[in-house]
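Residue numbers (my numbering): 1 to 75.
Bear in mind the hints are in silico, worked out from the structure with no lab data behind them. You can trust all of the hints, since none of them are fake.
Taking lysine-lysine and the DSS-like style, the derived pairs with C-alpha atoms no more than 30 Å apart in a straight line are:
(1) Lys-57 - Lys-13
(2) Lys-57 - Lys-3
(3) Lys-2 - Lys-13
(4) Lys-2 - Lys-57
(5) Lys-13 - Lys-3
Computed beta-carbon distance windows for the label pairs:
(6) Gln-26 - Lys-2: 16 to 24 Å
(7) Thr-15 - Glu-53: 13 to 21 Å
(8) Glu-12 - Met-32: 14 to 22 Å
(9) Asn-23 - Pro-47: 30 to 38 Å
Ideal Cβ placement from N, Cα and C applies to all residues, glycine included.
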Amino acid sequence: MKKTLSDMQPGEKGTVLSVSGDNTVQRRIRDMGIVRGTEIEVVRRAPFGDPVEFRLKGYNLSLRREEAACVSVEV
Numbered sequence: 001m002k003k004t005l006s007d008m009q010p011g012e013k014g015t016v017l018s019v020s021g022d023n024t025v026q027r028r029i030r031d032m033g034i035v036r037g038t039e040i041e042v043v044r045r046a047p048f049g050d051p052v053e054f055r056l057k058g059y060n061l062s063l064r065r066e067e068a069a070c071v072s073v074e075v
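With the hints as constraints, model all of the structure from the sequences given.
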């Protein structure tokens, strides 16, 4: 099933399919290690849902919901 990172719930895992958005957002997300084929897991959401904490490649990373919405994953 295809979703965006912002649609995933804590404990859910997926594999990155693509990154959308303007070039600045795409570059920022790629620079953090979120590229096609990366396995990623939602760790938790902050109160009110923003930001969201993810685990990938052995480290944790937080993204704003609007950034997470730019990343498509297969779950």
